[in-house]
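Student: Heads up: the sequence lines are chains A and B, in that order. Under this note's numbering, the first sequence has 14 at position 14, and the numbering climbs by one with no breaks. Under this note's numbering, the second sequence has 114 at position 114, and the numbering climbs by one with no breaks.
Calculated from the structure, these hints are not laboratory results. As the structure is a computational prediction, the values presented were derived from the model and not from experiment. Beta carbons: idealized from backbone N, C-alpha and C, even for Gly. Heads up, some of the hints might be wrong.
The calculated lysine-lysine pairs, modelled on DSS-like cross-linking and capped at a C-alpha distance of 27 Å, are [to be verified]:
#1 A:K73 / B:K154
#2 B:K258 / B:K309
#3 B:K117 / B:K41
#4 A:K69 / B:K195
#5 A:K69 / A:K80
#6 A:K38 / B:K117
#7 B:K258 / B:K313
#8 A:K69 / B:K263
#9 A:K23 / B:K195
#10 A:K13 / A:K97
#11 B:K192 / A:K66
#12 B:K40 / B:K101
Some chain B residues well away from chain A (every beta-carbon gap over 12 Å; in silico) [what the hints assert, rightly or not]:
#13 M1
#14 W17
#15 Q19
#16 E39
#17 E69
#18 Q92
#19 D115
#20 H151
#21 K192
#22 K229
#23 K263
#24 L308
#25 G351
#26 Q352
Take a look at the letters that make up each chain.
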Amino acid sequence: MISPVKIWRHQKKVNQLLGKTGKIVSFTLIRVAPVEFKQQVPYPVVVVRIEDGRGVVGQLVDWEKKNLKLGQKVKTVYRKIREPESEGIIPYGIKFKPC
Amino acid sequence: MQIAVLSGATTKFGELWEQSPRSLAQEVVSQAIEQAGIEKKETQALFVGNMLAGILGGQENIGAFFADELGLEVPAVRIEGACASGGLAVHQAVLSLLTGKYQTVLILGIEKMTDYKPEEVAQALMAAGSDEERKAGLTFPGLYALMAQAHMEKYGTTEEEMAAVAVKNHFHACLNEKAQFKKEITIDDVLKSAKVADPLKLLDCSPISDGATAIILSSKFKVQSSRDKPVFIAASAVATDTLALADREDLISLKATKKAARKAYQMAGLGPEDIDLAEVHDCFTIAEIMAMEDLGFFEKGKAGQAILKGETKIGGKGPIINSSGGLKAGGHPVGATGVKQIVEVFNQLSGQAGKRQVKGAKIGLAHNVAGSGALAVVHILSNL
Chain A
1 MISPVKIWRH QKKVNQLLGK TGKIVSFTLI RVAPVEFKQQ VPYPVVVVRI
51 EDGRGVVGQL VDWEKKNLKL GQKVKTVYRK IREPESEGII PYGIKFKPC
Chain B
1 MQIAVLSGAT TKFGELWEQS PRSLAQEVVS QAIEQAGIEK KETQALFVGN
51 MLAGILGGQE NIGAFFADEL GLEVPAVRIE GACASGGLAV HQAVLSLLTG
101 KYQTVLILGI EKMTDYKPEE VAQALMAAGS DEERKAGLTF PGLYALMAQA
151 HMEKYGTTEE EMAAVAVKNH FHACLNEKAQ FKKEITIDDV LKSAKVADPL
201 KLLDCSPISD GATAIILSSK FKVQSSRDKP VFIAASAVAT DTLALADRED
251 LISLKATKKA ARKAYQMAGL GPEDIDLAEV HDCFTIAEIM AMEDLGFFEK
301 GKAGQAILKG ETKIGGKGPI INSSGGLKAG GHPVGATGVK QIVEVFNQLS
351 GQAGKRQVKG AKIGLAHNVA GSGALAVVHI LSNL
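Chain B on its own, in the form it takes in the complex (with noise of 0.2 Å):
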């Protein structure tokens, strides 16, 4: 069976204090079924990926609250996953077509964080962790801290090579509307910005953002005319690891990521060196270096350098990464940020991707992580 993505739209993403939850589903899902140029009532199934609206919004039964919202009188339900609730969400809408039960579903990816204090909100992601963690005093920004020091341990890697990929995803995200962050930066800027948890600085981290974003999914699409070109879902796997970081071997890669990529390339039938652009979880700068490794794009320790001499920016010899901004400087509402992923890939993939364009893309991946790691999703996309 093939799965074809019909449309995919994003709000922009940002401090959005005028939009609700609602008026944010509603912008994106008319987007998308006018996009797919579908009735809404072919839709047979709603997934929405979202992590806080319970702990932050008091609002749960998010399933139902989205199909009241949309008007859709269909099975209904709220995907949680963390920071990988969007790419989750979209997995089992996959698995839903597979099934053959529904033949076209809707994937609703969303997220309101500015509404609440940043310390409410670092709190709230912190359930993402371990109890000990939490004990511990440990932030977001703290996890991903320590596996930075011990790569740069290894490996030798450079605070100036993390700090490449904050301006990489700047450059990105000027080229993308939706973006939050339309504003180039410097990789001093970045080595001057105030310390969050040592080695990582406040330009080091994805920021607090609103937004959501929707895509549709079917089994029985039609190619509507000469000029569009399908993209299929080739692959879509997860894999999961260990909750808390110090239970894992090491600290220098994501076992979960390692895992999810080579079922997902084994699914496609294809491998690293076919992929032409990837969205990968750059929640901090050090993630997106480890992602770039475990996805097998460069050998261990090898990223940085690579990144710091621009092979992954867009006209770099590729593959090239985050030409959306990334979640570094696009935004990252954390239950949209695994479906906006998807989006890009398919815009890429379509030749709908503007200045940012690939030239020539065929295929792509997107790449999803929940907490430090404990679970990661990665889907190909592909136009072939």
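Isolated chain A, as found in the complex (with noise of 0.2 Å):
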């Protein structure tokens, strides 16, 4: 279980990665997950240099096969992280999206 008070302290940073965009700078293609994850299965996870020079990791949502490349232009979208667990608090976080 995660903490919801953890929870909630993170929800104020995800405001500042709301409305990037950036590129795609490597990706994977999780196959074998973590517990948590195991229903997505596969789901890309890409390392993004957003604008302002920072890298950023997260899921590729909403993509295919031809989005999976370096220099792929995405952008940060407000989306599910995971199932809730016995906090029974959904978390929310950033992923991305090719556009």
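Got two chains here, each in a separate frame; can you build the complex from them with the hints?
Tutor: What follows is the structure, encoded as structure tokens:
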């Protein structure tokens, strides 16, 4: 279980990454996932260099195979991260979408 | 002050379901003490390298736990630095000797992983990553896959070159009684194995293992007989980098490795060209390729080809890499790995490596990495 307080604290940081665009600098397709992500396989995880130069890691959503390439333009979107555990809170966070 | 490795012992690595952490520790420590030709009570402190006893086994207070089990009423401390816990424990032990407070210390690297489900182990290992990486659903194969993809893009590194690392290390493991996988494989076997995190496949990955390793270091050694070649610690260095992979300037090398190596070479007054053999942190095949370059053995982008050509295989022009089978085929009980690397280099430099002996080896290096490169430990050993 993740502390609800930690989830709440994290939500405040998410704002800073909304509405950003950037380019994929590396990607992988996860086929063997951690327990709480098992239902989602296979899913791509990308490292993105956003406009201000920061590197951000996240899942790529609404993707096609042709999007899995270095230099692909993406934007940040706000999505559910995983199913809730016993804490009953659905964690939301940043993912990427091709654009 | 000169610090000598008096002895080194390791259990077999693998699925050791009949053994407990206590029995593994007893086995290696009694062997190490006997080999060193000292009394147990001569050891003045115990350093334990371990990552997962708390998160998987629910047992903390590991320093005291093993001191009690081993019947040692000495200062005991557990050192945690993810997969570099073992290397870090050796580093701290070296520092303790350099203070002059202790003259002879025992280091135990130990991990019990196969008592738990693989997905539980995978999740526990991700404790070494960052919060953002866990939220992205990343795994350790995933993190190294991100580095592999970037390395392939920049240098044209191929999946065959990565596979060649696994093939070589399995070949070496066949010469090592203590290795987890004593089975030769081919490049084709690696390429056809199940995909884990593209481009990495199952046979690009080190396994989940149980195992323990112990060494005894001393600053007041005596050469036992003319047959014995004392082996000294010529350098012990640690460096850190960002915890999260995405925070780094690039994904094609590990800055912590480069920094720790630079410090270690400086301490020893040596360079990469002086190294006869090395045990490097091949948690994934791409990691060995990057280590070859970051430790200065090959130019950036050139290691893959050299490995494919067999230059780093026993009998090759060298440096000989992972003669023990490495993490890939030797096994990777995370807290034990960094200590086992020192044992392999010690065995090679003291001429006790048997069928896998690298002839005329004088200087060896051990390279242990935590997480996706947040920390690296480099040791240089010498018999000169």
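Student: If you test the structure against every hint from before, which numbers come out violated?
Tutor: The structure breaks hints 3, 8 and 20; every other hint is satisfied.
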